[in-house]
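Please model the complete structure; the sequences and the hints are all you need to start from.
The listed protein sequences correspond, in order, to chains A, B, C and D.
Everything in the first sequence is counted per the working numbering, starting at 1 for the first residue and increasing by one.
Everything in the second sequence is counted per the working numbering, starting at 1 for the first residue and increasing by one.
Everything in the third sequence is counted per the working numbering, starting at 1 for the first residue and increasing by one.
Everything in the fourth sequence is counted per the working numbering, starting at 1 for the first residue and increasing by one.
Among the hints, erroneous ones may be present.
Think about it this way: if two alpha-carbon atoms lie no more than 30 Å apart in a straight line, the pair counts; the simulated DSBU-like pairs of lysine-lysine are [what the hints assert, rightly or not]:
hint	chain 1	residue 1	chain 2	residue 2
1	A	K158	A	K187
2	A	K42	A	K307
3	A	K215	A	K64
4	A	K42	C	K129
5	D	K39	D	K310
6	D	K71	D	K39
7	A	K158	A	K99
8	A	K40	A	K304
9	A	K215	A	K246
10	D	K178	C	K129
11	D	K310	A	K154
12	A	K215	A	K40
13	A	K304	A	K64
14	A	K215	C	K165
15	A	K40	C	K92
Output of the computed footprint for chain D on chain A, the stretches with three or more beta carbons under 8 Å from beta carbons of chain D [unchecked claim]:
hint	region
16	24 to 37
17	132 to 142
18	198 to 210
19	359 to 372
According to the in silico footprint, chain C covers these stretches of chain D (three or more CB under 8 Å from chain C) [as the list claims (entries may be wrong)]:
hint	region
20	54 to 61
21	119 to 130
These aren't lab readings, by the way, just hints derived from the structure by calculation.
Note that the coordinates shown come from a computational prediction; the quantities given were computed from them, not determined experimentally.
From the three backbone atoms N, C-alpha and C, an ideal C-beta is built for every residue, glycine too.
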Amino acid sequence: MEEPRKNPGSNVSTTVLGADEIILNMGPQHPSTHGVLRVKLKLDGERVVGSECYIGYLHRGVEKIAEHRSYQQFAPYVDRMDYVAAVSNGLGYCEAVEKLLGVEAPPRARVVRTILTELQRIASHLVWLATHALDIGALTPIFYCFREREEILKIYEKYCGARLTTHAFRIGGLQYETYDGFENEVKRFCQDFGSRIDEYETLLTENRIWTGRTKGVGILTREDAIALGVTGPMLRASGVQWDLRKAMPYAAYDQYQFDIPVRNAGDTYDRYLVRMEEMRQSRRICLQAVDNIPSGPIMARIGKVLKPPPGEVYHSIEAPKGELGYYIVSDGTTQPYRVRVRPPSFINLQALDRMVRGALVADVVAIIGTTDIVLGEVDR
Amino acid sequence: MIPVDLYLFLSLALFIIGVIGVLTRRNVIVILMSIELILNAVNINLIAFSRMWSSVDGQVFAIFIITDAAAEAVVGLGIILALFRNRETVLADEMDMLKW
Amino acid sequence: MLLNSILFDFLAGLAVVSAILMVTRRNVVHSAVFLIGTLVATAGIFLQLQAEFLFVVQIILYVGGIMVLFVFVIMLVNLDVTLRFPQFNRQKFVAGALAIALGGQVFAAYWIGHGALHFKGSSSPMPAKNTEAVGQALFQHYMLPFEIASILLLVAMIGAVVMAKRRV
Amino acid sequence: MGHLIPQSIMPYVLPTFYGIIIVLLLPLVSGYIVLVERKIMADMQVRLGPMRVGPHGLLQPIADALKLLIKEDIIPTSADQLLFWFAPVVTVTMAMIALSGLPFGPAFQVADLNVGLLFILAASSLGIYGIVLGGWASNSHYSLLGALRSAAQLVSYETAAGLGLISALLLAGSLSMKSIVQAQNDQGVWFAFFVPFGFFIYFVASIAETNRAPFDLPEAESELVAGYMTEYSGFRWALYFLAEYTNMIVVAGIATTLFLGGWLRPFAREHSYFPGTSIEFLDLLPALIFLAIAGYCFWRTPRQPVYVQKLVMAAVGALCVLLAGTMAGSLFAPEAVRLGIHGAFWFIAKVGAYIYCFLWVRFTFPRYRFDQLMRLGWRFLIPLALVNVVGVGVGIVISQTWGLSPFFSQMVMCVPTLGAAFWLAASDKEGQSGTEVRAADGE
Numbered sequence: 001m002e003e004p005r006k007n008p009g010s011n012v013s014t015t016v017l018g019a020d021e022i023i024l025n026m027g028p029q030h031p032s033t034h035g036v037l038r039v040k041l042k043l044d045g046e047r048v049v050g051s052e053c054y055i056g057y058l059h060r061g062v063e064k065i066a067e068h069r070s071y072q073q074f075a076p077y078v079d080r081m082d083y084v085a086a087v088s089n090g091l092g093y094c095e096a097v098e099k100l101l102g103v104e105a106p107p108r109a110r111v112v113r114t115i116l117t118e119l120q121r122i123a124s125h126l127v128w129l130a131t132h133a134l135d136i137g138a139l140t141p142i143f144y145c146f147r148e149r150e151e152i153l154k155i156y157e158k159y160c161g162a163r164l165t166t167h168a169f170r171i172g173g174l175q176y177e178t179y180d181g182f183e184n185e186v187k188r189f190c191q192d193f194g195s196r197i198d199e200y201e202t203l204l205t206e207n208r209i210w211t212g213r214t215k216g217v218g219i220l221t222r223e224d225a226i227a228l229g230v231t232g233p234m235l236r237a238s239g240v241q242w243d244l245r246k247a248m249p250y251a252a253y254d255q256y257q258f259d260i261p262v263r264n265a266g267d268t269y270d271r272y273l274v275r276m277e278e279m280r281q282s283r284r285i286c287l288q289a290v291d292n293i294p295s296g297p298i299m300a301r302i303g304k305v306l307k308p309p310p311g312e313v314y315h316s317i318e319a320p321k322g323e324l325g326y327y328i329v330s331d332g333t334t335q336p337y338r339v340r341v342r343p344p345s346f347i348n349l350q351a352l353d354r355m356v357r358g359a360l361v362a363d364v365v366a367i368i369g370t371t372d373i374v375l376g377e378v379d380r
Numbered sequence: 001m002i003p004v005d006l007y008l009f010l011s012l013a014l015f016i017i018g019v020i021g022v023l024t025r026r027n028v029i030v031i032l033m034s035i036e037l038i039l040n041a042v043n044i045n046l047i048a049f050s051r052m053w054s055s056v057d058g059q060v061f062a063i064f065i066i067t068d069a070a071a072e073a074v075v076g077l078g079i080i081l082a083l084f085r086n087r088e089t090v091l092a093d094e095m096d097m098l099k100w
Numbered sequence: 001m002l003l004n005s006i007l008f009d010f011l012a013g014l015a016v017v018s019a020i021l022m023v024t025r026r027n028v029v030h031s032a033v034f035l036i037g038t039l040v041a042t043a044g045i046f047l048q049l050q051a052e053f054l055f056v057v058q059i060i061l062y063v064g065g066i067m068v069l070f071v072f073v074i075m076l077v078n079l080d081v082t083l084r085f086p087q088f089n090r091q092k093f094v095a096g097a098l099a100i101a102l103g104g105q106v107f108a109a110y111w112i113g114h115g116a117l118h119f120k121g122s123s124s125p126m127p128a129k130n131t132e133a134v135g136q137a138l139f140q141h142y143m144l145p146f147e148i149a150s151i152l153l154l155v156a157m158i159g160a161v162v163m164a165k166r167r168v
Numbered sequence: 001m002g003h004l005i006p007q008s009i010m011p012y013v014l015p016t017f018y019g020i021i022i023v024l025l026l027p028l029v030s031g032y033i034v035l036v037e038r039k040i041m042a043d044m045q046v047r048l049g050p051m052r053v054g055p056h057g058l059l060q061p062i063a064d065a066l067k068l069l070i071k072e073d074i075i076p077t078s079a080d081q082l083l084f085w086f087a088p089v090v091t092v093t094m095a096m097i098a099l100s101g102l103p104f105g106p107a108f109q110v111a112d113l114n115v116g117l118l119f120i121l122a123a124s125s126l127g128i129y130g131i132v133l134g135g136w137a138s139n140s141h142y143s144l145l146g147a148l149r150s151a152a153q154l155v156s157y158e159t160a161a162g163l164g165l166i167s168a169l170l171l172a173g174s175l176s177m178k179s180i181v182q183a184q185n186d187q188g189v190w191f192a193f194f195v196p197f198g199f200f201i202y203f204v205a206s207i208a209e210t211n212r213a214p215f216d217l218p219e220a221e222s223e224l225v226a227g228y229m230t231e232y233s234g235f236r237w238a239l240y241f242l243a244e245y246t247n248m249i250v251v252a253g254i255a256t257t258l259f260l261g262g263w264l265r266p267f268a269r270e271h272s273y274f275p276g277t278s279i280e281f282l283d284l285l286p287a288l289i290f291l292a293i294a295g296y297c298f299w300r301t302p303r304q305p306v307y308v309q310k311l312v313m314a315a316v317g318a319l320c321v322l323l324a325g326t327m328a329g330s331l332f333a334p335e336a337v338r339l340g341i342h343g344a345f346w347f348i349a350k351v352g353a354y355i356y357c358f359l360w361v362r363f364t365f366p367r368y369r370f371d372q373l374m375r376l377g378w379r380f381l382i383p384l385a386l387v388n389v390v391g392v393g394v395g396i397v398i399s400q401t402w403g404l405s406p407f408f409s410q411m412v413m414c415v416p417t418l419g420a421a422f423w424l425a426a427s428d429k430e431g432q433s434g435t436e437v438r439a440a441d442g443e
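Set out below in structure tokens:
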């Protein structure tokens, strides 16, 4: 029964844990880690003093699969990476292979690609807004957002028969001609959507609780953002004007007028404003593009079997979440020698630890939400 | 009517249990809780006598004692928290340095 | 009044048993729960003694306030670890015996002087409006002690804030 | 009946009867509040809500309750078995005890204590233990964080709620729930109009006390999964849920009694009789409301897809007709019966309106963060409540000294309180920018 005596001079007992610190495992099954992200948080009370990300719960070896598929066969797989923005993934892959082959899609195909990709950007941002608002506790925006997303998905379904993993584009152009009334439906959606964005903003932008929860939360400075390789809306909210659609135009973006929203504070609120403005700009692009879709063929002249010359290519596009890049190495056979994807979510997730340190538990979910990750893309 | 003696015995029993708690336990929080028990025993006495004399004076004193208990608990727990942060212990016999 | 007597026996028994369990449980949270049991039983006794206001004060302040604070602090300090150590100190037998001796002494004093002390059962009823009577007494007759008590609370509040603050 | 029961037990018979009614009806009522909540939420979110179980989802609560009852009862191995079992029971019991003090009408009240309001507050303050101990006993970090948040939040907001209530108590001059309603009858104005700030403070604090959004931090599902309820499942979980909705009824009942005139009819002192009778126009309103609901039910009955659903819909309609008949019939009954039935109707209607405001707030606002919640409580609500109490007290003295109308003097005293509210709100903004600096420091 003799108690273990301790050296009276010692300040810290080895058997006793840190006085106020606990380890909290967030995920992989947690309502707001957006899939299977696992964040190990070291908490002092409710304040985060350290964090560690564990990923790979959704790893499917997409890049390895590519080495055993022909170029066309691999195209549907890329849709499964960022499954809320499948069309953008497809665009990036198709353009990368086209670059490797040295062909270019015909003008009509490029304009249709642009329209569909911008619609996908809106859809992706709507999913982000819905889940982000839900994480912060606003129960209602999710249903408004999904109502509009449904319209976009209906357009996809009519166009290519699939709603989520669309496989809308083919290497060299498009598989399908646009259906009758495509232009009208896109136009009607875009016209309605303007007032719908205002509706979301009435719910959130000026709301005191919303600003309280997002302003000053998860600040990412300009230097940090560049150093960590963060791209997309997160980078633009930190005050860097960088958008691949302007910097290295692809598809048909050089034909249209649009602005790149930039904010300077780099906090969650600014990222929210940047994404809201991006939806407006996407709508603007769609409205411009849908008015004059050039006529002509939709498929470039390429063979049935693709055998790109040996070599390598890196092509990146501005996906909804940031720079989505494909690095493809060809050895002259029908199958790629190596495909490496630069997923925006994966790179942006690196900034998580920088943003959550010193924040509260409630801020962590806001910051995960504002990073806008899709685990399918992070883990691949 | 229940005789006042019974209330006094109840109060005595709670008081003694509280004293045992204060004297034998190592955990400071339990010691503090035992002190609360002792104060509570006193309150029973006061209320019983207040009933006996049909006067509210005893109840007023009980209110003062509850006030005192609240103050004591708040300060005591504050000290415990401060001690725990510095010494990482809540055991009374390890807090024998009068400094840290 | 049989009902009254049964009620008293029940409440008193509950109070004493909970008190014993509170002192003897290893787990501090259990101790706190049993102390709450004692306090609630005592509150019931107050009600039986027609001190309704004290009953409510006991529940709201003691049980709903002070004890919540206790439970809060118990949860803040990591107790799973301290549970592994012995919960009673080395003087426990001596201390227990002394305390019981003290109790026996008081009881013996009562027993011997039983005739000298005259505890009459209450004859006249309590004032009907208990809350108002307590209020009158507090704010008229005991005005000064009341104010002093409020200053005590203020001092305790500031003291607690200073104590609990990480960097003063 | 009088000769069957001993005289000494007689006073306990009716309260026991009411108590049993409450205990039996409460799960059903809570279930239907959940259904109404889901329906209102669906309406605000452009969708339909439950539609499958029964017509318009009317049998959904029963299906949910059955499902919860037959679910496996899981106690985590590392949980504290005793407290894990005990905690939900405490919460539900205390919520029900608090309910017993509410006057559902001049006739329906389990116990009218002379410390009635304090008794209700005492019972509901004990409900914390169920949450705190349950969270601790689960032995999970999410639960523990939820429990700690809950303890801090409830203790803080109890102060604000109590101070908000005091402003009405000053006007009523009694703690007995019945006397408070009576005082409002004598004044002819509900206390919500006398002390709008007291009502506002109590409204906000009562949302926080019942852990409802935007103050639902103890169970914030996106942060703490389910807070203190994370490890609970099946019927224990249902008990927590029952307690939450019971608490909502309790706080709504307190607010109704203190601020909204309790069981009094709107314009209780205005009498406009049908010519030649003792029936008032306004007393017909309950019957008309029920008739309207019945009409809707009968109109929808042929449109139900399934025969059984048609039956249920017709039954609901018939029930409403029956209630309308009761409401109308009681007009010809003796005064006490009429007041009892109509009082209960108005009380429940007001409680419903109050709960509707809870739901409305919940679906509109995002959730507060914990430090913001504490700041709102301690830096805004409590100082405002203190100013308000002083203001109301001064108002009463003014009206007594100079013989002004109490309503006028209270309105005058609202002006400084309003000023204090604006000042506090402005200084709260400064505090917010302070956190930004702190957050930046933490980087």
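Hint by hint, here is what the structure shows:
1. As the CA atoms of K158(A) and K187(A) are separated by approximately 15 Å, the hinted pair is consistent with the 30 Å bound.
2. Between K42(A) and K307(A), the direct Cα distance comes to roughly 52 Å. Violation of the 30 Å bound is thereby established for this hinted pair.
3. Taking the CA atoms of K215(A) and K64(A), the gap is about 42 Å. The hint is violated against a cut of 30 Å.
4. With a C-alpha separation of about 55 Å, the suggested pair K42(A) and K129(C) falls outside the 30 Å cut-off, and the hint is violated.
5. Distance check on the hinted pair: K39(D) and K310(D) sit about 20 Å apart at the alpha-carbon level, within 30 Å; holds.
6. Pair hint K71(D) plus K39(D) holds up; C-alpha atoms about 25 Å apart against a cutoff of 30 Å.
7. For a cut-off of 30 Å, the pair hint linking K158(A) to K99(A) stands: about 29 Å separates their Cα positions.
8. For a cut-off of 30 Å, the pair hint linking K40(A) to K304(A) is broken: about 49 Å separates their Cα positions.
9. Proposed proximity of K215(A) and K246(A) is supported: the alpha carbons are some 29 Å apart, at most 30 Å.
10. Of the supplied pair hints, the one linking K178(D) and K129(C) holds, its CA atoms being roughly 15 Å apart against a limit of 30 Å.
11. The hinted pair formed by K310(D) and K154(A) fails the criterion: a straight-line CA distance of about 35 Å is larger than 30 Å.
12. For the proposed pair K215(A) and K40(A), the alpha carbon gap of about 24 Å is at most 30 Å, so the pair holds.
13. Of the pairs offered as hints, the one joining K304(A) and K64(A) holds, with about 23 Å between alpha carbons and a cut-off of 30 Å not exceeded.
14. For the hint linking K215(A) to K165(C), the alpha-carbon distance of about 27 Å falls within 30 Å, and the restraint holds.
15. In summary, the hint linking K40(A) to K92(C) is not supported, as the alpha carbons are separated by about 43 Å, beyond the 30 Å threshold.
16. A stretch counts as covered by a chain when three or more of its residues have a beta carbon under 8 Å from one of that chain; for the region 24 to 37 of chain A and chain D the count is 5, and the coverage holds.
17. Chain D is given as covering the region 132 to 142 of chain A, and this holds because 9 residues of the stretch bring a CB closer than 8 Å to a CB of that chain, at least three being needed.
18. Check on the region 198 to 210 of chain A: 5 of its residues sit with their Cβ under 8 Å from a Cβ of chain D, so the three-residue criterion for coverage holds.
19. A stretch counts as covered by a chain when three or more of its residues have a beta carbon under 8 Å from one of that chain; for the region 359 to 372 of chain A and chain D the count is 7, and the coverage holds.
20. Coverage of a stretch by a chain is defined here by at least three residues with a beta carbon nearer than 8 Å to that chain's beta carbons; for the region 54 to 61 of chain D and chain C the count is 0, and the condition is violated.
21. Only residues whose C-beta sits within less than 8 Å of a C-beta in chain C count toward coverage, and the region 119 to 130 of chain D has 8 of them, enough to reach three; the restraint holds.
The structure does not agree with the numbered hints 2, 3, 4, 8, 11, 15, 20 stated previously, though it agrees with the rest.
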